[in-house]
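Single-letter residue listing:
There are 2 protein chains.
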Amino acid sequence: MTEVENKQVIFKGYIDGVPQLGDFELKIGKLKLEAPKGSGGFLVKNLFLSCDPYMRGRMRDYHDSYIHPFVPGQPIEGFGVAEVVDSDDSNFKPGDIISGFTRWEDYSLINKESTQLRKVEPDDLPLSFHVGLLGMPGFTAYAGFFEVCSPKKSDYVFVSAASGAVGQLVGQLAKLHGCYVVGSAGTKQKVDILKNKLGFDEAFNYKEESDLNATLKRYFPKGIDIYFDNVGGDMLDAALCNMRVHGRIAICGVISQNSISNPKGISNLWNLIPKRVNMKGFLQSDYLHLFPRFYEEVSNYYKQGKIVYIEDIKEGLENGPAAFVGLFSGDNLGKQVVRVARQ
Amino acid sequence: MTEVENKQVIFKGYIDGVPQLGDFELKIGKLKLEAPKGSGGFLVKNLFLSCDPYMRGRMRDYHDSYIHPFVPGQPIEGFGVAEVVDSDDSNFKPGDIISGFTRWEDYSLINKESTQLRKVEPDDLPLSFHVGLLGMPGFTAYAGFFEVCSPKKSDYVFVSAASGAVGQLVGQLAKLHGCYVVGSAGTKQKVDILKNKLGFDEAFNYKEESDLNATLKRYFPKGIDIYFDNVGGDMLDAALCNMRVHGRIAICGVISQNSISNPKGISNLWNLIPKRVNMKGFLQSDYLHLFPRFYEEVSNYYKQGKIVYIEDIKEGLENGPAAFVGLFSGDNLGKQVVRVARQ
Chain A
1 MTEVENKQVI FKGYIDGVPQ LGDFELKIGK LKLEAPKGSG GFLVKNLFLS
51 CDPYMRGRMR DYHDSYIHPF VPGQPIEGFG VAEVVDSDDS NFKPGDIISG
101 FTRWEDYSLI NKESTQLRKV EPDDLPLSFH VGLLGMPGFT AYAGFFEVCS
151 PKKSDYVFVS AASGAVGQLV GQLAKLHGCY VVGSAGTKQK VDILKNKLGF
201 DEAFNYKEES DLNATLKRYF PKGIDIYFDN VGGDMLDAAL CNMRVHGRIA
251 ICGVISQNSI SNPKGISNLW NLIPKRVNMK GFLQSDYLHL FPRFYEEVSN
301 YYKQGKIVYI EDIKEGLENG PAAFVGLFSG DNLGKQVVRV ARQ
Chain B
1 MTEVENKQVI FKGYIDGVPQ LGDFELKIGK LKLEAPKGSG GFLVKNLFLS
51 CDPYMRGRMR DYHDSYIHPF VPGQPIEGFG VAEVVDSDDS NFKPGDIISG
101 FTRWEDYSLI NKESTQLRKV EPDDLPLSFH VGLLGMPGFT AYAGFFEVCS
151 PKKSDYVFVS AASGAVGQLV GQLAKLHGCY VVGSAGTKQK VDILKNKLGF
201 DEAFNYKEES DLNATLKRYF PKGIDIYFDN VGGDMLDAAL CNMRVHGRIA
251 ICGVISQNSI SNPKGISNLW NLIPKRVNMK GFLQSDYLHL FPRFYEEVSN
301 YYKQGKIVYI EDIKEGLENG PAAFVGLFSG DNLGKQVVRV ARQ
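Note that the protein sequences, when read in sequence, are chains A and B.
Residue numbering for the first sequence follows full-length UniProt numbering, beginning at 1 and increasing consecutively.
Residue numbering for the second sequence follows full-length UniProt numbering, beginning at 1 and increasing consecutively.
These are computed hints drawn from the structure, not numbers from a lab.
Since this is a predicted model, take the numbers as computed values, not measurements.
The reader is advised that the hints may include incorrect statements.
No copy is singled out in the list; a pair is fine if it fits within one copy or between any two copies.
[Stated by the list, open to error] Computed cross-link-like contacts, BS3-like style, restricted to lysine-lysine with a CA-CA straight-line distance of at most 30 Å:
1. K264 x K222
2. K314 x K32
3. K30 x K7
4. K112 x K175
5. K112 x K314
6. K264 x K217
7. K12 x K27
8. K30 x K197
9. K264 x K207
10. K32 x K119
11. K12 x K303
12. K222 x K153
13. K112 x K264
14. K217 x K153
15. K119 x K195
16. K119 x K222
17. K27 x K207
18. K45 x K7
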């Protein structure tokens, strides 16, 4: 049996604050290219790994969440696209492409009980889309927008972190649904992309605004029906002052707060009462029964040229930590992916 | 036409901070006991007036809410129970009892377009109940609990300001629904009432607790399914750390924050995501189609001895401002009512 090098990105230990390069270390081991007989699992060669903000939550010593923390001393776990190399599972054979939870290393042994494991059927879409547009982030956008936000045609929709992995699809789905859509992002380049490539009606750079409440009043003189919140913090506080009656807020992420031990706190929640706003935290994993419909609809939109999807692909597993760390300062332009290997 | 004295409680002007006695002044005028011909309205003698926390919101110069601010120099407006004295409206005749919006004065002219105006049919229930158990606060409890909280049998329910006008009915409805119910209040006497008269499973005095997060963990070791929030602030922040998966938070009031210009802010909203919590602000006025069902169910519960209702009745319109101001320091024991006159 061939023995090969297996490069790994190891999680060093629980942290406070913003993730740093030093929170990870590279390790090179050896591995036999086989799925042990009787294991019922299969061995994959990782092709793409996904950098997602929720992973910051797994760097805390907090065990009461929907997903367990990373294990110190072990490789990071995350969504990926991979090719089956050897298999003890009759459902998967060498050459198959899968998406689902894998680990940050060249080769991983996947347990058949792995959640959200899917076989990728060959088509002409980029493989990396299975951790982006057609994977967890895309499905988060779809489930969050349609199931949590209850959108109606002509609704005024605001999306924060709008050029990110989730936000860019939320905005495009909202446009296809007949909504008026404004997005916020943190650089001029991202704002240009929102307006010129992603079809948002308006977009602004939140870093250039001194009074977000006034900014939102300017972009939404009649108020916001739907706020798809990827950031929390000051932007959420400002949005709360600008909601319309019976507005909806989907709490998808809190990237502005992920790394802050003592966040400032949200002061404008009282607006939920006079405006009768519904605010809901959600996880895509509660809506997996809708995944087949999502996949068909969104892949068709893409093939028909009705939506685009912007990816930021870093080459090489060794550059994975930097790609992940960069999420928290907005270094990425679109969905952040790490290419580990080519097929 | 008889001319009589008409005592009024005048709203002096917009305020910041906690309502004070000095924000109001008594004025005594004269009034003809008639409803002007052609007005389509009717004149009432006010019997009971309701002191409700939402009225604090009407003391601000803020015109973007569901209800307009009080008019400086004019009597306060609020819910009341009154007897018709003269009428230019064929639907109402002298001697009829009504509940709805009236003004803080001996006699008021009611416009037929007045919202939530109801004729009180004679029965053996206390008239004051029409601004409490069977009026806006009772209906707030009913609509909030059944329509916003989606209760299930065996749910773990937490109610703050639990001995107040709304909270005491929420807790009793939850018990009748088969839930486990804990309430918080601000004195030992209120806590005793919650446990011994209102049938709550447990109750605690929040003023004696130094760590509300730990307190809630003690009372809800398995977490909270439903938090009916009447107070906002620190209690909401602590509840957010103790919600169960798919929990619901009904934001009914923020009495702890009503009078604070720069509240500290809520820091634990991120819990909405891993626990997929739904948090909704609501107003009873959105659910008025359910009022007849509420009235029948709750008055029957009361007549059958299945629920009780605790009122705090101050005598005399001149004591109205003190009764209202006392709400914000928890001076009231149960629903705060002012008796203006006897029938």
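Consistency of the hints with the structure:
1. In this homomeric assembly, K264 and K222 come within 30 Å of each other (Cα to Cα) both inside a single copy, at 28 Å, and across copies, at 28 Å.
2. Taking the shortest Cα distances, K314 and K32 sit within 30 Å of each other inside one copy (27 Å), while across copies they are farther apart (83 Å).
3. When the C-alpha separation of K30 and K7 is checked against a cutoff of 30 Å, the pair qualifies only within one copy, where the shortest distance is 8 Å, while the shortest distance between copies is 91 Å.
4. Proximity of K112 and K175 under a CA criterion of 30 Å is satisfied in neither setting, with 39 Å inside one chain copy and 45 Å between copies.
5. When the C-alpha separation of K112 and K314 is checked against a cutoff of 30 Å, the pair qualifies only within one copy, where the shortest distance is 29 Å, while the shortest distance between copies is 69 Å.
6. For the homomeric pair K264 and K217, the shortest alpha-carbon distances inside one copy (22 Å) and between copies (24 Å) are both at most 30 Å.
7. Taking the shortest Cα distances, K12 and K27 sit within 30 Å of each other inside one copy (11 Å), while across copies they are farther apart (73 Å).
8. In this homomeric assembly, K30 and K197 never come within 30 Å of each other (Cα to Cα): the closest approach is 44 Å inside a single copy and 70 Å across copies.
9. Within a single copy, K264 and K207 get their C-alpha atoms as close as 18 Å, and across copies as close as 24 Å, so both meet the 30 Å cut-off.
10. Taking the shortest alpha-carbon separations for K32 and K119, only the intra-copy value of 23 Å comes in at or below 30 Å, while the best inter-copy value is 84 Å.
11. Proximity of K12 and K303 under a CA criterion of 30 Å is satisfied in neither setting, with 42 Å inside one chain copy and 66 Å between copies.
12. Taking the closest pair of Cα atoms, K222 and K153 come within 30 Å of each other only inside a single copy of the chain (15 Å); across copies the shortest separation is 41 Å, beyond that limit.
13. Taking the shortest Cα distances, K112 and K264 never come within 30 Å of each other, neither inside one copy (43 Å) nor across copies (48 Å).
14. When the C-alpha separation of K217 and K153 is checked against a cutoff of 30 Å, the pair qualifies only within one copy, where the shortest distance is 21 Å, while the shortest distance between copies is 43 Å.
15. In the homo-oligomer, the alpha carbons of K119 and K195 never lie at most 30 Å apart, since the shortest distance is 35 Å inside one protomer and 57 Å across protomers.
16. Taking CA atoms no more than 30 Å apart as the test, K119 paired with K222 passes in neither setting, with 46 Å inside one copy and 38 Å between copies.
17. With identical chains, the CA atoms of K27 and K207 are never at most 30 Å apart, being 38 Å at best within one copy and 54 Å at best between copies.
18. Taking the shortest Cα distances, K45 and K7 sit within 30 Å of each other inside one copy (11 Å), while across copies they are farther apart (85 Å).
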